[in-house]
Amino acid sequence: MQSRRSDSFFLTPFLLLLLLAGIGPATASGPPEWGNWVLKVEVVRNDGTREFGSGVLIAPERLLTNCHVLRKASQIRATQGERSWPASLDMGDSYLDLCLLKLPGHPGKPPPIAEADAARVGESVYAAGYSRGKLSINKGEIKALYTCPCASGKVIQTSARFDHGASGGGLFNAEGELVGILTFKSHEGGIFHFAIPVGWMKQMSGLPASRTPDQWPFWENLSRDSGYFLAACDLSAHRKWWDLSQLTREWVRAEPDNPEAWMASGRANVGLKRPREAAADFQKALELDPTHWEALLELQRLELELGESLIGN
1 MQSRRSDSFF LTPFLLLLLL AGIGPATASG PPEWGNWVLK VEVVRNDGTR
51 EFGSGVLIAP ERLLTNCHVL RKASQIRATQ GERSWPASLD MGDSYLDLCL
101 LKLPGHPGKP PPIAEADAAR VGESVYAAGY SRGKLSINKG EIKALYTCPC
151 ASGKVIQTSA RFDHGASGGG LFNAEGELVG ILTFKSHEGG IFHFAIPVGW
201 MKQMSGLPAS RTPDQWPFWE NLSRDSGYFL AACDLSAHRK WWDLSQLTRE
251 WVRAEPDNPE AWMASGRANV GLKRPREAAA DFQKALELDP THWEALLELQ
301 RLELELGESL IGN
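Residue numbers for the sequence shown follow the numbering used here, beginning at 1 and rising by one.
In case anyone wonders, no lab produced these hints; they're calculated from the structure.
Glycine included, C-beta positions come from ideal geometry on N, C-alpha and C.
Among the hints, a few may not be true.
[What the hints assert, rightly or not] EDC-like cross-link-like pairs, simulated, lysine to aspartate or glutamate; straight-line CA separation at most 20 Å:
#1 Lys102 to Asp90
#2 Lys102 to Glu51
#3 Lys102 to Glu123
#4 Lys139 to Glu33
#5 Lys109 to Asp163
#6 Lys72 to Glu220
#7 Lys240 to Glu175
#8 Lys72 to Glu33
#9 Lys139 to Glu82
#10 Lys72 to Glu42
#11 Lys139 to Glu61
#12 Lys240 to Glu287
#13 Lys102 to Asp163
#14 Lys202 to Asp257
#15 Lys134 to Asp257
#16 Lys202 to Asp163
#17 Lys202 to Asp90
#18 Lys134 to Glu220
#19 Lys72 to Glu82
#20 Lys273 to Asp257
#21 Lys109 to Glu175
#22 Lys240 to Glu277
#23 Lys109 to Asp90
#24 Lys102 to Asp47
#25 Lys240 to Glu250
#26 Lys139 to Asp90
#27 Lys109 to Glu141
#28 Lys273 to Glu220
#29 Lys202 to Asp117
#30 Lys72 to Glu115
#31 Lys109 to Glu188
#32 Lys134 to Asp163
#33 Lys134 to Glu51
[Stated by the list, open to error] Beta-carbon label-pair distances, calculated as ranges:
#34 Ala118 to His187: 25 to 31 Å
#35 Thr49 to Gln300: 45 to 51 Å
#36 Asp47 to Glu303: 54 to 60 Å
#37 Pro60 to Pro256: 42 to 48 Å
Between the sequences and the hints, there should be enough to build the whole structure, so can you do that?
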């Protein structure tokens, strides 16, 4: 589906300064303050139904969440413990699925924010959000980083679990720095949880934005136009190895320097019981990104299966 934009405008210089104030190198001391940084977002829809999501403080009196959380909202409140505040939509980009809320009177301090490109495959991360209405913190790893045609910066795939209600929550690294905004997951769960990178906050300053978060975000369109990785992850989650193999043949031709294209091809070959072809794919991914922890792990598994050395060959 194609998103439609209306009432386009740009961030004001003042608000842009607020947004970017925390982006860059940061240090975190003491235990992470999950409950202080992540709030519950309660929404009343136009039809009277109630839904909830999550949001992350990113500046004084400013809460960042997913636009799909606010879809068709007639009333928005943010809750933290026993206190709540009325919230209103300030601005956002429905296609990128990032919306900024005004939260007048909120006394909280935002978390430190990681550098935009600091995330690495294999890094330990924590998903903090209101899954099913209750704050939950789940540890996992970054499983992949995907380049999306919709914006620069890489969409994060993680094994850190979250559920309905956590959309708009925070993905934090071990130092307590915000690295992404929890956004969507496969129905199968597992390793297929995804977060929008914090670098996309900067993108908002240069893109037209919609005041009404009622359009389709990039991830709800599983087509090549929105990125091969979305279709590949969906096929992988459903273990459709033959279809994945066909898709990745096209993907590696289109993006031969993308390690995740080769990783997807390798996983398809593993699923199709073609270990040597899979090994070649994982070796190519590791060649393109020597820090790719998942490629290294897959090669180690295949070494045990084949009984021969593969890494470095």
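Consistency of the hints with the structure:
no.: 1; hint: Lys102 to Asp90; result: holds, 6 Å
no.: 2; hint: Lys102 to Glu51; result: holds, 19 Å
no.: 3; hint: Lys102 to Glu123; result: violated, 32 Å
no.: 4; hint: Lys139 to Glu33; result: holds, 15 Å
no.: 5; hint: Lys109 to Asp163; result: violated, 25 Å
no.: 6; hint: Lys72 to Glu220; result: holds, 17 Å
no.: 7; hint: Lys240 to Glu175; result: violated, 37 Å
no.: 8; hint: Lys72 to Glu33; result: violated, 31 Å
no.: 9; hint: Lys139 to Glu82; result: violated, 26 Å
no.: 10; hint: Lys72 to Glu42; result: holds, 13 Å
no.: 11; hint: Lys139 to Glu61; result: violated, 28 Å
no.: 12; hint: Lys240 to Glu287; result: violated, 27 Å
no.: 13; hint: Lys102 to Asp163; result: violated, 25 Å
no.: 14; hint: Lys202 to Asp257; result: violated, 25 Å
no.: 15; hint: Lys134 to Asp257; result: violated, 41 Å
no.: 16; hint: Lys202 to Asp163; result: violated, 27 Å
no.: 17; hint: Lys202 to Asp90; result: holds, 16 Å
no.: 18; hint: Lys134 to Glu220; result: violated, 25 Å
no.: 19; hint: Lys72 to Glu82; result: violated, 26 Å
no.: 20; hint: Lys273 to Asp257; result: violated, 25 Å
no.: 21; hint: Lys109 to Glu175; result: holds, 17 Å
no.: 22; hint: Lys240 to Glu277; result: holds, 17 Å
no.: 23; hint: Lys109 to Asp90; result: holds, 19 Å
no.: 24; hint: Lys102 to Asp47; result: violated, 23 Å
no.: 25; hint: Lys240 to Glu250; result: holds, 16 Å
no.: 26; hint: Lys139 to Asp90; result: violated, 31 Å
no.: 27; hint: Lys109 to Glu141; result: violated, 26 Å
no.: 28; hint: Lys273 to Glu220; result: violated, 31 Å
no.: 29; hint: Lys202 to Asp117; result: holds, 12 Å
no.: 30; hint: Lys72 to Glu115; result: violated, 33 Å
no.: 31; hint: Lys109 to Glu188; result: violated, 35 Å
no.: 32; hint: Lys134 to Asp163; result: holds, 10 Å
no.: 33; hint: Lys134 to Glu51; result: holds, 13 Å
no.: 34; hint: Ala118 to His187: 25 to 31 Å; result: holds, 30 Å
no.: 35; hint: Thr49 to Gln300: 45 to 51 Å; result: holds, 49 Å
no.: 36; hint: Asp47 to Glu303: 54 to 60 Å; result: holds, 56 Å
no.: 37; hint: Pro60 to Pro256: 42 to 48 Å; result: holds, 45 Å
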